[in-house]
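Let's have the full structure, built from the sequences with the hints guiding it.
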Amino acid sequence: MALEPEDDADLLDAYSRAVVAVADAVLPSVASLAVTLPRGAGAGSASVVTADGFLLTSAHVVAGAEVADATFSDGTHVRADVVGRDPLSDLAVLHARGEVPSPVTLGDAARLRVGQLVVALGNPLGLAGSVTAGIVSALGRSLPTGNGRVVDEVIQTDAALNPGNSGGVLADSAGRMVGVNTAVAGIGVGLAVPINATTRGIVTQLMTTGRVRRAFLGIVGAQVPLAPPVAAKVGAPTGLQVADVTGGSPAAEAGLRRGDVVISLDGQPVASVTALQRAMVEAAIGRRAEVTVWRNGALVDVVVYPRELA
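According to the numbering used here, the sequence shown is numbered sequentially starting from 1272.
I should point out that these hints are in silico values taken from the structure, not numbers from a laboratory.
Backbone N, C-alpha and C fix where the C-beta goes; we use that ideal spot for every residue, glycine too.
Please note that a few of the clues may not be correct.
[Unchecked claim] Label pairs and their computed distance ranges (CB to CB):
#1 Ala1569 / Pro1358: 34 to 42 Å
#2 Gln1539 / Asn1567: 18 to 26 Å
#3 Thr1342 / Ala1514: 18 to 26 Å
Encoded structure:
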């Protein structure tokens, strides 16, 4: 008796159907990037994010490059100019010189949950159009970048990532891009820069001006717990203790000192390095700001004028 072939749909469980649907929807928008530099060549991934040909990738993929070659799964090949890169977020934007496939749909990493299915799409080890799947292993990780800064709210996943995945898409089960794959932290540990309100703003700045303007104070510090009596007085359990002040910086000119514990900036709590970074946006450049610190057993207000981060 001959066996009847099974319907393809019957061979796919719910997990498989979700991954297949994401691959079908997202892969056409993902390109393999080839970058040629004076000292050699590099490779990575990128994704189309606007209908007029802007592509998003990792800043380290196109570091030192002005152009790259993008190849899509349908055979489309275009040259793309590097419009801008931001090493502090590890994001970069390119613009294609010709027509490209439709853009990927952007999601919101703020809505992710630990344990949620995610799919990584890119060009690992030169293998174009590769798809791996896993879960969100953790949220809120930090990824060190340049100038002592970190990318916050980084997504950790166990979806297999390898060199070449950088700049590719991390998608949720609905096929929405929720992250830009950026690093392999170890076996079974991959990291992705989130797509959220902050990074959307960075991408917009890169597309329109080619750079991201940030403010800086000129302090180096670390989060510290406050003793219960102090915490009760300042209304916060932690603060940012100043370990060093850069000479000639706005912080130095304002009189901030090593050992000060920063409590707030213009009334907003500053409980960590990340919280301070979030406040150092373009709008803060040159604007008067009041920093409240705990110094020698008392609260002290210091006026600072942040300058643009060079």
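Tested hints:
1. Range check, alanine 1569 to proline 1358: about 39 Å between beta-carbon atoms, so the 34 to 42 Å window is met.
2. Evaluation of the 18 to 26 Å hint for glutamine 1539 and asparagine 1567 yields a pass: the beta carbon distance comes to about 23 Å.
3. Between threonine 1342 and alanine 1514 the CB atoms are about 47 Å apart, so this pair departs from the stated range of 18 to 26 Å.
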